[in-house]
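Take the sequences, apply the hints, and build the full model.
Line by line, the protein sequences give chains A and G. Under UniProt numbering, think of the first position of the first sequence as 1, with each following residue one higher. Under UniProt numbering, think of the first position of the second sequence as 1, with each following residue one higher.
Since the hints were derived computationally from the structure, they do not count as laboratory data. Among the hints, a few may not be true.
[As the list claims (entries may be wrong)] Not close to chain A: a few residues of chain G, all C-beta gaps over 10 Å, as computed: (1) Val62; (2) Ser83; (3) Glu87; (4) Ala109; (5) Lys172; (6) Leu248; (7) Gly291; (8) Pro293; (9) Gly310; (10) Ala422.
[Said to hold, decoys possible] Computed, partial: chain G to chain A, Cβ under 10 Å: (11) Tyr76; (12) Gly94; (13) Val101; (14) Phe105; (15) Glu108; (16) Ala110; (17) Ile114; (18) Met133; (19) Leu136; (20) Leu139; (21) Pro321; (22) Ala406; (23) Thr412; (24) Phe427.
Heads up, the beta-carbon is just placed ideally off N, CA and C, and yes, glycines get one too.
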Amino acid sequence: MFGFGNEYEGLAFWLPLIWAGLIAVAVAMYVIVDGFDLGVGILFKAARSENWRDRMMFSVAPIWDGNETWLILGGGGLFAVFHVAYAVLMPALYVPIILMLIALIFRGVAFEFRFKSERSKFLWDNAFFFGSLLATFFQGMVLGAFVQGFANDGRQFTGGTFDFLTPFSVVTGISLICGYGLLGSTWCVMKTTGELEIWARRIAVRFLIATIIAMGVVSLWVPFLGRQIETRWFSWPNIAFLAPIPLITAYAAYRLFRDLEEGRHYRPFFLAITLFLLGYLGLGVSLFPYNVPPNLTIWDTANTVHSQLFALVGFAIVLPITFAYTAYAYYVFRGKVAEEIQGGGYGYH
Amino acid sequence: MELDALMLSRIQFAFTIAFHIIFPAFTIGLASWLAALEFNWLRTGNPLYRNLFRFWVKVFAVSFGLGVVSGIVMSYQFGTNWSRFSEIAGNVVGPLMAYEVLTAFFLEAAFLGIMLFGWERVGDRLHFFATCMVALGTLISAFWILSTNSWMQTPTGFAIENGKMVPVDWFKIVFNPSFPLRYAHMVMGCYITTAFAVAGMSAWMLLRHPHDAPEAKLAGSRRSLSMALWFAAIFVPVQIVIGDLHGLGVLKYQPMKLAAIEGNWDRMSNMPLRLFAIPDEVAETNHYEIGIPKIGSWILTHAYDGVVPGLKDVPKEDRPPVWPVFFSFRIMVGLGFAMLGIGLWSLYLRLKGTLFTNRPFLTATMLMTPSGFGAVLFGWFTAEIGRQPFVVYGHLRTADAVSPVAAGAVATSLVTFFVVYAFIFGFGSYYLAKLLRRGPDPVEDIRGDDIAKKPKRPLSVPDEGIEGRPGHRAQPAK
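This is how it looks when you write it as structure tokens:
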């Protein structure tokens with residue numbers, strides 16, 4: 001099947017496949033949900049007033065913590081079932097991951113510290129903005145480095161500290177800033193009212209254009225990384241199945257543009273998510289079944305069957321419950337954020 | 001000591017986890033404390049409890065935020081700095097940690113939002129449910145991470161294939177020998193840490209006001225102080241018993257850690273209880289030793305002539321560093337007995353009716369605010385340094401677990417973490433101090449307004465900024 005992993009049989013074949021799907025879902029969840037709240041941080045500096053910043057922050061304050069938990073699940077899940085991939089990738093990505101974590105620390109504490117400060121408020125405005133911006137940039141670099149691949153001996157990383165740093169990974173870093181900016185601005189369109197909403201629409205259009213350009217540049221660049229990814233896309237019959245991906249992407253982008261113009265509230269955000277998922281699918285098609293490109297597959301890096309099964313039982317039971325109460329938490333905070341945040345202080349806990 | 005990637009990674013892990021553990025140790029206890037306060041508010045309708053909840057939830061939010069951001073760092077360091085550990089022990093340790101994320105972190109995170117921001121949106125009962133779920137999440141989280149740590153201390157239920165540890169019996173892995181008592185010891189430690197933090201902060205708030213300040217201003221701090229000290233008086237003795245039982249497990253499963261704790265070089269019966277000594281690892285002996293004859297053997301084996309293992313039983317390269325383990329343990333125990341003293345003193349003052357007015361006692365309690373954090377940290381130093389030179393006791397050496405990363409990269413990240421954490425911790429403490437300076441809202445402001453009625457906006461009265469500008473005093477909830 002797929003022409004990959006055929007030397008594995010039974011559970012040893014299927015379990016890594018199921019797990020790859022589950023972790024792909026966790027990473028997609030992360031990219032979407034933390035994508036929009038990092039995106040709100042990226043817009044933060046451009047917001048025109050204290051009141052705007054308060055409202056923007058308030059729109060994500062009750063849920064950011066849960067959003068970031070998907071990042072821990074991505075790392076934890078990789079450790080749980082593809083521990084060899086975890087062991088190779090983490091040292092290879094030492095520098096961007098540590099920098100991303102530090103950036104996330106600054107923006108995370110800003111949620112609590114900002115509303116408890118007065119004279120030092122500017123400090124946490126900046127921590128929130130730069131933290132979000134840099135965390136996004138380094139995540140994008142991690143993505144770029146991942147597509148490039150890693151030197152390894154099948155067990156451990158064998159390359160150098162700065163292998164990750166290339167023009168390509170810088171471009172993917174900037175691309176992700178555009179993408180999260182789009183998610184963040186369409187989130188603001190959905191969650192805010194008045195002038196702030198109108199402003200968010202304008203910003204969203206700009207981020208949309210930037211995102212489309214970024215997707216184009218990255219898509220054209222990938223074949224030149226010399227990994228025969230292009231043969232997968234352009235050989236028959238693959239091209240017949242894969243051609244819809246860029247076509248649907250183009251249509252979603254057009255629809256998003258029109259929706260922003262027509263004053264729709266909810267759909268732009270969900271179309272932005274659709275764009276993300278399409279890009280993600282495209283990447284998945286390019287890289288499958290390698291989770292340590294260019295040479296280690298999900299089967300090469302998987303835990304023992306016994307270990308994968310133990311984790312799978314728990315995931316099968318708990319993940320649906322997790323989705324349910326996470327959805328409930330979103331439902332509780334549905335609707336637009338009030339324009340006047342109460343009192344001179346804040347309707348904060 | 002050579003500052004290579006191994007040593008730097010060890011320092012970085014020790015520093016980041018020591019920093020991290022402060023916050024869970026506090027929030028595990030605070031979450032349950034908040035659930036207790038809210039329960040009392042719903043049960044009695046006494047606004048005193050609601051104001052206390054609203055006050056301590058802010059303290060909780062700051063601490064929890066710091067715990068989350070410093071915790072994400074931990075979940076990646078196993079890979080960035082300890083990739084050979086991940087490769088060799090990943091089959092066992094990986095799933096345990098994934099279970100923590102899945103069963104605890106999401107639960108905490110989802111209900112934390114409702115607990116902090118959603119009271120008026122979901123109503124009393126659901127809000128209380130959310131508070132309980134957050135508290136439950138902290139306990140589940142502790143369950144998995146302590147199971148993982150305990151497995152590294154007393155590994156069971158696995159086999160070794162192709163140089164890797166593979167799981168054989170998950171029940172034996174999760175409920176490994178040192179886990180049940182370590183879990184009990186740690187959770188109790190967290191609760192006691194919170195009790196002393198709450199008592200100490202409340203004592204400070206009481207000390208700031210004169211005795212004859214209006215009752216309404218003092219009532220909240222007094223209730224907090226009283227509840228926390230009841231807890232301490234009852235459970236510190238319990239903790240001492242749990243700790244003693246836990247120590248018996250160390251004797252059985254980690255004899256070299258025990259020998260280092262006791263500063264015992266030669267295997268012997270009739271071992272003294274060494275109160276003080278300067279262990280000398282080169283000469284393999286102690287200097288300036290002060291001990292009580294035979295009591296050491298009696299505590300550990302419940303027989304005066306019980307045999308206790310000595311460090312010289314194994315070659316030097318298999319021994320943990322002695323003096324850090326020896327002193328950490330004594331500091332932890334010393335703090336524990338100081339806590340016991342405060343607990344007994346509080347009972348005596350209750351009988352005399354001067355618990356809230358005895359200034360030497362309030363001062364002592366205030367000074368004990370960080371005592372729980374100290375005991376937790378030094379307890380962990382004992383447990384983790386005592387496990388050396390192994391990362392998985394008896395099976396995988398720390399030196400064989402480190403990532404193939406450059407020393408320069410680790411040195412840079414270590415310095416960065418140090419600076420960033422100092423900055424964040426400094427501001428966190430500053431904002432916490434500001435919160436405490438303001439204290440809980442006085443009860444009189446809302447008396448007669450809604451004691452019987454349900455509050456509609458319990459968490460969102462104006463003036464939530466803690467700097468409470470003039471003219472913005474808390475308004476009655478409408």
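| said: I'd like to know which numbered hints this structure contradicts. Please list them from smallest to largest. | reply: 1, 2, 3, 4, 19, 20 and 21
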